[in-house]
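Kindly generate the complete structure, drawing on both the sequences and the hints.
If you want the building blocks of each chain, they are given just below.
There are 4 protein chains.
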Amino acid sequence: MYSFKNDYSEGVHPRILNALMESNMEQLEGYGEDQYTRKAIALLKEKIKCEDIDIHLFSGGTQTNLTAISAFLRPHEAVIAADTGHILVHETGAIEATGHKIISIDVSDGKLNSENIKSALYAHTDEHMVRPKLVYISNPTEMGSIYSKDELEQLSDCCRAHKLFLYVDGARIGSALCSEENDMELEDLGKLVDAFYIGGTKNGALMGEALVICRDSLKEDFRFHIKQKGGLLAKGRLLGIQFLELFRDDLFFELAKHANDMAKLLKVGISEAGYSFLTHSPSNQIFPILPNGVIEKLQEKYLFYVWEKIDDESSAIRLVTSWATKEEKVLEFNEDLHNVNC
Amino acid sequence: MYSFKNDYSEGVHPRILNALMESNMEQLEGYGEDQYTRKAIALLKEKIKCEDIDIHLFSGGTQTNLTAISAFLRPHEAVIAADTGHILVHETGAIEATGHKIISIDVSDGKLNSENIKSALYAHTDEHMVRPKLVYISNPTEMGSIYSKDELEQLSDCCRAHKLFLYVDGARIGSALCSEENDMELEDLGKLVDAFYIGGTKNGALMGEALVICRDSLKEDFRFHIKQKGGLLAKGRLLGIQFLELFRDDLFFELAKHANDMAKLLKVGISEAGYSFLTHSPSNQIFPILPNGVIEKLQEKYLFYVWEKIDDESSAIRLVTSWATKEEKVLEFNEDLHNVNC
Amino acid sequence: MYSFKNDYSEGVHPRILNALMESNMEQLEGYGEDQYTRKAIALLKEKIKCEDIDIHLFSGGTQTNLTAISAFLRPHEAVIAADTGHILVHETGAIEATGHKIISIDVSDGKLNSENIKSALYAHTDEHMVRPKLVYISNPTEMGSIYSKDELEQLSDCCRAHKLFLYVDGARIGSALCSEENDMELEDLGKLVDAFYIGGTKNGALMGEALVICRDSLKEDFRFHIKQKGGLLAKGRLLGIQFLELFRDDLFFELAKHANDMAKLLKVGISEAGYSFLTHSPSNQIFPILPNGVIEKLQEKYLFYVWEKIDDESSAIRLVTSWATKEEKVLEFNEDLHNVNC
Amino acid sequence: MYSFKNDYSEGVHPRILNALMESNMEQLEGYGEDQYTRKAIALLKEKIKCEDIDIHLFSGGTQTNLTAISAFLRPHEAVIAADTGHILVHETGAIEATGHKIISIDVSDGKLNSENIKSALYAHTDEHMVRPKLVYISNPTEMGSIYSKDELEQLSDCCRAHKLFLYVDGARIGSALCSEENDMELEDLGKLVDAFYIGGTKNGALMGEALVICRDSLKEDFRFHIKQKGGLLAKGRLLGIQFLELFRDDLFFELAKHANDMAKLLKVGISEAGYSFLTHSPSNQIFPILPNGVIEKLQEKYLFYVWEKIDDESSAIRLVTSWATKEEKVLEFNEDLHNVNC
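Chains as they are written, first to last, in the working numbering: chain A, 4 to 345; chain B, 4 to 345; chain C, 4 to 345; chain D, 4 to 345.
The hints are simulated quantities; they were obtained by calculation from the structure and are not laboratory data. Beta carbons: idealized from backbone N, C-alpha and C, even for Gly. Treat the hints with caution; some may be incorrect.
Sample of chain C residues lacking proximity to chain D, with all beta carbon distances greater than 12 Å (derived) [as the list claims (entries may be wrong)]:
1) Lys8
2) Glu154
3) Asp252
Among chain D residues calculated to face chain C with C-beta under 7 Å, some are [to be verified]:
4) Tyr11
5) Ser62
6) Phe307
Simulated pairs of lysine-lysine, DSBU-like, Cα-Cα distance not exceeding 35 Å [as the list claims (entries may be wrong)]:
7) C:Lys48 / A:Lys121
8) A:Lys222 / A:Lys270
9) B:Lys166 / C:Lys222
10) B:Lys42 / A:Lys8
11) A:Lys267 / A:Lys8
12) B:Lys42 / A:Lys300
13) B:Lys121 / D:Lys312
14) B:Lys267 / B:Lys48
15) B:Lys270 / B:Lys222
Encoded structure:
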């Protein structure tokens, strides 16, 4: 069986493992105050082309989201998110567990726009309702779509006009930034949003997310929150070394590009086989719609999620590629699909 | 500079790194449902000689403590802990952040006994006060002391008589179990307490704690809590592989024994140099009392914490050894102390 | 100006004020342990025809909801509620502030049915999502509709089959039980649901809600939760005396019936004037749809909420009657509407 | 039996009941936006001689404390309190339930000083510990002692120098301000502290506490917090009318003075009978130390708490007087004590 189920099925990129090995027996400061972590942070600031930001390394996305959002908000303040948002659906109520409501916005493509935000603000009129304060978006979204620079600018303007924080869940930000439809860079994120994170776990690391805090007022005492929420790793070097290796040269982007290329190769094959897709997805997650019989055949050789029933005869499935996806397996999948089809 | 500051200054035991490398390119299930994690859990059950327990792997101690304790308690229930307890002092209010009060008990040696517990129960009489429900102890304690089997049995009896949960923070449990004064085994913990964790981070792992839930009523839906609190690693294999390697043979205990041996070697040297200790500590943390001038001299070559002022001329320092502490460095320290002394 | 804005614009029924006065200088136990509170609770048990229930008195609905729900649920458990549910919209995230997510179900008439519940259960499959555990309904709903006994039985069966708690927000339960379309009694609530509250604030009391806990497993230590959430009144007599007076004879039901009668009188007048309603409402809240010009005219003499825009020319308004609504004012309103209309 | 158990055994001062009656049938805005509440707030500002403060009315002390403190603090921030502090002991972990640790300071007389605060700050050095941010004091304290103006000024200076909020629990503030040893006025509180509350429940009201927020940065969106925590009474008039009546003339102070006078009368009698006191208490709570046999005799006619065992033969009891305590009963008590003594 070959898995297109997700982008965390494989281990870590071999270069990272080597880097861990080389530094292994050095005695280093704990809790992320070692030299590797310091260097990784300095390097990330360089890549984002901004010195005036704070960066903290985490071991997972849910932990990053819940620590950041609960640190940023006062008790009565709420999050606005798309109904597909990871924090709304797939984090077991982690945000609510810190006391904050998430206001769900129905969207079709996973993306929020300024109209969505204004309507949420409009509906929350007084102290009998929560106060919307932070807008959560994912880039790419959970539906594989990505934000254009123009779209992000509009969101940013809207948030600043209404004193809302704009936060980007970048669990797969590498895939967004390396998408052929992307027109943004890390630098733009640094300018347009209040905080975002750069996902390592789904792009070659063993684990690791780098939270970037851009807005000054959100920086104070942040390490207290990491510790309180259980996210301060004793051997913080583990995170620092990985990000250092990912960004020392362009490894991070090369890995993301490979994942996107593999997704595109799948898309081409699926399109040629005559099938359409649930969403327009220029990233490493695609959602082809296939007849149920075809899906069953494919399930004999491949692992993937059946995402959504379309009608009695067909369903959308989700295929995810990663830095480790093998081209030969993608070609084999396409061929199998072609053959099943016949 | 050589560090005796803590037991997480070095990386991971090389055998573990090799094990990570060997399995690295396999495609595995995420979130701790991979075969390595399953095997590690089966192996731990074997070591604890009990099948009727649940085991969950975490990436750090604070996260383990906060997830377990908040899952076990109802909102009005509180924890009883020694005033030196890690959760009371050094976890940034992580337990309170989940809504629970910790009742602090003044103790001199870091250890709780059944009299302490009864007095806490006696002081909490009605619904205007919290209800004490879980007793938290560390073994070894934060002062280096360890519990005897008899002491743990008495605590266990007291907790069962008063319907309290007994929870053991085992961040350094390896050191306790390998202490020359220890008369307990993993198996005894499984029988006497309701939940405990086996610390990997401070005993050779990159990170990793194995929470063992013994009491049936505490097991239900536990994975929901791990996910909600941000502790469910996407690449859970990272934890499974490490525990598998640590317990495949006796590596875990060998590493802990080495740390204890090094601490003992330090103790002998320090005693021979004519100094006494703040506490009786048969584990890998010792607290010698030294003249301030001597401390300053030692600080030129060694890193360690100055723990507590004793009087105007002397202070207790904390020296911690680990699986990676080099015997030659310990001997050098002893010699330096001897020479400083002259 | 005469107000149809809500049912808490007036003070307290005079008989209650008299009862407060008569007992005023007695020395009584605090915190709800006085004899009046005890008698009130005994009386309510009689009215519900069940001894095997626990009853606690609160000073407001939000406090009742948040205390009960947070006491009943474990951290990963969630509430299912209609999208119009008071806890979802108008309590400033009070439930989320205690750590629990509310799963919103789109409904048109404010009522949940067993299909809604099953679909929510079906969508929550594993530990990456919260576990639905408590079904929250309001009777009457926030849209003025009420549940029939048959509907409640079906909900109750569904909840029991799926191990869900069924909780009824009875802020206006008097109005529901005295509706001409109602076929239930307090006694039925006691049998079919796990907990519900009997609202006094909106039916003649100065303040006061009586929470009834029917399910044994939800009763333990409940007073701790009331105290912890700030709801244990020092002079608890204030609540006990009011409920005693409301239920000593049928005052509670007479007041609710009056409110319903006044709402019905309004409905007849509005219907005769040729207007329709947003929802079918047999309780003390009605939602007539009127031309915007008519609404403006009425606003010169009456206070009420404009509830929802229907189209460019008309809107639904909300009219609420209470125990204190004067028949002459209702007739005047109807006449004014008739005249405006001409 | 006559009760000296507490100051909430009786109902409400008759003048307040009359005021409630007079306004009872008026239609008023809900949720504290009625004219009576507005007038009460304006009047309180006048008494405090400061316009630049925000005032909110609550129904009880625990609710006031938990709402204010959780609104004022960020998640990692903690409270410093005396070990006798009401929030630490007698509010069922209400503050911890909102996520915040309370740092307990051992004191003998219930009072904190700036040395206590500095030592707490000194002990909290980094992000592994909570950050002390709010100092909670009670005036009078739970031991009956009161702060002098000079003492409060020193605390205030210390807090401002260290960027700490100073918060005063004024459940019995009337008794403090009317103590013969007091040299402060409401006005001084307004200048020296960041927030405090004026307790009505224990001084003649049915219920009611007026929270005064002095520091600008703590005022924003405060009503959201009241609603979220369940403290926003629908018929807010109930609170407004009471405070209006209490402060319309000097009723509030007269009632407090009566309570103090009665306590003093008790003290004189007890001293004359040859007994001493556990603490120096110039307010309405006193703690005489009596032989156990005497206590038993008194318990035949009087209700009070036995506070603390002093030795095998004697205990301290707590006697509390109130606005409603009858002088004849106090004299009777003194006489009974005198007689028992013989």
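Each hint tested on the structure:
Remark: the non-interface label on C:Lys8 conflicts with the geometry, its nearest Cβ contact in chain D lying 8 Å away (cut-off 12 Å). The beta carbon of C:Glu154 sits about 28 Å from the closest Cβ of chain D, which is more than 12 Å, so the claim that it is off the interface holds. With a minimum CB-CB distance of about 21 Å to chain D, C:Asp252 clears the 12 Å threshold, and the non-interface call stands. Against a cut-off of 7 Å between C-beta atoms, the interface hint on D:Tyr11 holds, since the closest Cβ of chain C lies about 4 Å away.
The closest approach between the C-beta of D:Ser62 and any C-beta of chain C is roughly 6 Å, which is under the 7 Å cut-off, so the hint is satisfied. Nearest Cβ of chain C to the Cβ of D:Phe307: about 12 Å, over the 7 Å cut. The hint is violated. About 49 Å separates the Cα atoms of C:Lys48 and A:Lys121, which puts this hinted pair outside 35 Å; it is violated. With a C-alpha separation of about 42 Å, the suggested pair A:Lys222 and A:Lys270 falls outside the 35 Å cut-off, and the hint is violated.
As the CA atoms of B:Lys166 and C:Lys222 are separated by approximately 18 Å, the hinted pair is consistent with the 35 Å bound. Proximity of B:Lys42 to A:Lys8 is assessed by CA-CA distance (about 22 Å); at most 35 Å being required, the pair is judged to hold. A threshold of 35 Å between alpha carbons decides the hint, and for A:Lys267 with A:Lys8 the separation of about 16 Å falls inside it, so the pair holds. For the given pair, B:Lys42 sits about 31 Å from A:Lys300 by alpha-carbon distance, which is consistent with the 35 Å threshold.
Distance hint between B:Lys121 and D:Lys312 is fulfilled; the C-alpha atoms sit about 18 Å from each other, no more than 35 Å. In summary, the hint linking B:Lys267 to B:Lys48 is supported, as the alpha carbons are separated by about 31 Å, within the 35 Å threshold. In summary, the hint linking B:Lys270 to B:Lys222 is not supported, as the alpha carbons are separated by about 42 Å, beyond the 35 Å threshold.
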